[in-house]
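Which chain is which? The protein sequence lines are D and G, in order.
Position 30 of the first sequence, counted from 1, bears residue number 30 in the numbering used here, the numbering being contiguous throughout.
Position 47 of the second sequence, counted from 1, bears residue number 47 in the numbering used here, the numbering being contiguous throughout.
No lab work stands behind these hints, which were simulated from the structure alone.
None of the values given here were measured: they were computed from a predicted structure.
Misleading hints may appear alongside valid ones.
Listed below are the simulated DSS-like cross-link pairs for lysine-lysine, each with C-alpha atoms no more than 25 angstroms apart in a straight line [to be verified]:
(1) G:Lys56 / G:Lys26
(2) D:Lys57 / G:Lys56
(3) D:Lys57 / G:Lys97
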Amino acid sequence: DSGVTQTPKHLITATGQRVTLRCSPRSGDLSVYWYQQSLDQGLQFLIQYYNGEERAKGNILERFSAQQFPDLHSELNLSSLELGDSALYFCASSVGQGQNIQYFGAGTRLSVL
Amino acid sequence: SQQGEEDPQALSIQEGENATMNCSYKTSINNLQWYRQNSGRGLVHLILIRSNEREKHSGRLRVTLDTSKKSSSLLITASRAADTASYFCATDRGGQKLTFGTGTRLTIIP
């Protein structure tokens, strides 16, 4: 168990809908990262938050947004969903300083039908 | 976009044999890490090697880094069925963002 909790584990929704994925980092970790993993694109970095502030941005679509709350949990919001958004979404956390070893949650499998 | 490319994409070996997978990357790095992913699960950190290190060991794992060739290798000795997984290299350039490679799918045949 990595100590990173992601909910829900599975999500099935329709095109055009909006969903929210939730992540609770390991105790003491200040950084949260979101990744998308699909068969054709591999593991893609989406966004990082550190202690409530956006720190780095990757290949995140404008339809997607994220935030980190004062209790350090994070949410990834995906809107106007398309079939191509079907993927595994991972959250990871790290201390946020020094060696950047990241601890991954079990992921949320999103299926857009 | 992927920073690293793993080679081979897939590898099948008999239990007890050694497995070697390689990672090539494109830009200068600060650290390189290897992660393991069991099917459909989250990634698990295995080992980190700094850019000024050439080799590192952890249990049955041996990692080498050649910054002049922008490449790294991961050797798993005396493989076990439980080693069946995908293995990814990940690089950082001093910031917190990790860029992952494409992965090698390792299958250990009992």
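Open item on the list: Against the 25 angstroms threshold, does the CA-CA distance of Lys56 of chain G and Lys26 of chain G hold or violate the hint?
Closed with: Distance ~21 angstroms between Lys56 of chain G and Lys26 of chain G Cα, so the pair holds.
Open item on the list: Next pair to validate is Lys57 of chain D with Lys97 of chain G; report whether the Cα-Cα distance is within 25 angstroms.
Closed with: holds, 9 angstroms
Open item on the list: Would the hint linking Lys57 of chain D and Lys56 of chain G be met if the CA-CA limit is 25 angstroms?
Closed with: violated, 31 angstroms
This entry does not satisfy hint 2, going by the numbered hints stated previously; all others are met.
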